[in-house]
Amino acid sequence: MALPRPKNIKLINEKEFEKNAKKVRESFEEKEKYLLERRLRNELNLSSNSYSHD
Amino acid sequence: MNLIYPPTLIPTIKYKHLLLDTNVFRDAANNISTYTTFFNDLKSNGVTLTTIDLVKFELLKGSTNTAKYQATEKHIDDITNKTTLPINPRNCELAYDLIKLYGIDGSAMHITDLFLGTILMQYGENIYLMTRDTSDFLQRIFNLRFVINATHAKGIFTYGIYQYTK
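Just so you know, the sequences run in chain order A and B. Numbering of the first sequence is given in the working numbering, commencing with residue 1 and proceeding in unit increments. Numbering of the second sequence is given in the working numbering, commencing with residue 1001 and proceeding in unit increments.
No lab work stands behind these hints, which were simulated from the structure alone.
With a straight-line cut-off of 16 Å between C-alpha atoms, the simulated EDC-like cross-links for lysine to aspartate or glutamate are:
id, chain 1, residue 1, chain 2, residue 2
1, B, K1014, B, D1041
2, B, K1074, A, E18
3, B, K1061, B, E1073
4, B, K1061, A, E26
5, B, K1074, B, D1053
6, A, K19, B, D1077
7, A, K23, B, D1077
8, A, K22, B, E1073
9, B, K1043, B, D1077
10, B, K1068, B, E1058
11, A, K22, B, D1027
12, B, K1074, A, E14
13, B, K1166, B, D1097
14, A, K7, B, D1077
15, B, K1061, A, E32
16, B, K1068, A, E30
17, B, K1043, A, E14
18, B, K1074, A, E16
19, A, K19, B, E1073
20, A, K31, B, E1058
21, B, K1068, A, E26
22, B, K1016, B, E1125
23, B, K1061, A, E29
24, B, K1016, B, D1041
25, B, K1068, A, E18
26, B, K1014, B, E1125
27, A, K23, B, E1073
28, B, K1061, A, E30
29, B, K1154, B, D1027
30, B, K1068, A, E32
31, B, K1166, B, E1125
32, A, K10, B, D1041
33, A, K23, B, D1027
34, A, K10, B, D1077
35, B, K1074, A, E26
36, B, K1100, B, D1136
37, B, K1068, A, E29
Quick partial rundown of chain B residues pointing at chain A, CB under 8 Å, derived from the structure:
id, residue
38, I1032
39, F1039
40, K1043
C-beta: ideal position from N, C-alpha, C; glycine also.
In isolation and in its complexed conformation, chain A is listed as follows (with noise of 0.2 Å):
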């Protein structure tokens, strides 16, 4: 099967990559929060649970 190529390759502006870049930044900081905290929440689950099996 042959590789696929774009009809047109379009240079990036950086001007409009960094308009939207900043937009893409804020959304994987939020990921990153909520797994993080995510990762408390359930490191903090297993380590109640071990307390109550002492």
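Assemble the complex: chain A is given as a structure, and chain B must be docked to it using the hints.
Only chain B this time, still in chain A's reference frame:
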């Protein structure tokens, strides 16, 4: 931030496809000027920047609203010119082969990396992979053709440029 790579990189991958892993898109959102220059140099030299749907899923999942989902989608499209390589039944067959080749080393391999690996196997010398996740691409299976160092304020990121030529 600066990207440091051998002068033979671009002539070698000229007119070929460069498959981008999730971390490349993430890093590009944080270092606009450096990556814009790098991607535009590649595009100007006939390199097709591409990815697979699994990478897009990793980037898009968890978006808190439509605007952020669309911004991430645009970010990917601006880099790849909407070129996504399809995953087809052949890739599933190759995934089983790759699992066998990895053996115990495949235990912690992510599914996305598994399928990126199958794309390298499928298209051989016509495609390279750029990834910062260098521990999942074993050099007994994939050829590490180039190393790109990205220097930043707190240290150095290292990307591998891999190819499958067996």
